[in-house]
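J.: Construct the entire structure; sequences and hints are all you get.
Under numbering that gives the first Met the number 0, the first residue of the sequence shown carries the number 0, and numbering increases by one thereafter.
Mixed in with the good hints, there may be bad ones.
Stated by the list, open to error - Cross-link-like lysine to aspartate or glutamate pairs, in silico, DMTMM-like; alpha carbons within 20 Å at most: (1) 56 / 37; (2) 83 / 10; (3) 16 / 89.
In short, the hints are calculated from the structure, not lab data. Since we're looking at a predicted model, the values are computed, not measured.
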Amino acid sequence: MVAMEVRLVSDAERLLKSLIDSACSANRRQQLALFSEDAVWRFPLASEGGIRQLLGKEEIAQEMNPRWDAADAANLDVALIDVKIRPFADASYACSQFSLAISSIEKRRVRHFAHILRSSGGLISELIEYA
0 MVAMEVRLVS
10 DAERLLKSLI
20 DSACSANRRQ
30 QLALFSEDAV
40 WRFPLASEGG
50 IRQLLGKEEI
60 AQEMNPRWDA
70 ADAANLDVAL
80 IDVKIRPFAD
90 ASYACSQFSL
100 AISSIEKRRV
110 RHFAHILRSS
120 GGLISELIEY
130 A
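T.: Following this line, the structure appears as structure tokens:
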């Protein structure tokens, strides 16, 4: 008998993968659809005066849509580098670490990210972003 390793993937892991995929493909509608109506998106390392937290899907859309539109208008080339998604013992949580190579005509830069995600009902209920 051959032993077979089966890894069950949690909702939280699937949501992180979908969030990263939709961000890289600039599919903003899909990205926003991943959040619950009462989701919280936190940015603990935000600069002075920057957004520290967004409460609810409506506020997320209100704050992020103009930023996403500006990124789309800049015609940036985004490449995903070295993605790691890890489960927690509590299946409603997962974390990710990845980098994005962002290129424009003038320059190329690499941004590093880490996320901790909590899921509920198949949607993101809390996202903590370190960038």
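J.: Hint by hint, note whether the structure agrees.
T.: Each hint, compared with the structure:
no.	hint	verdict
1	56 / 37	holds (6 Å)
2	83 / 10	holds (16 Å)
3	16 / 89	holds (18 Å)
Violated hints: none; the structure is consistent with every hint.
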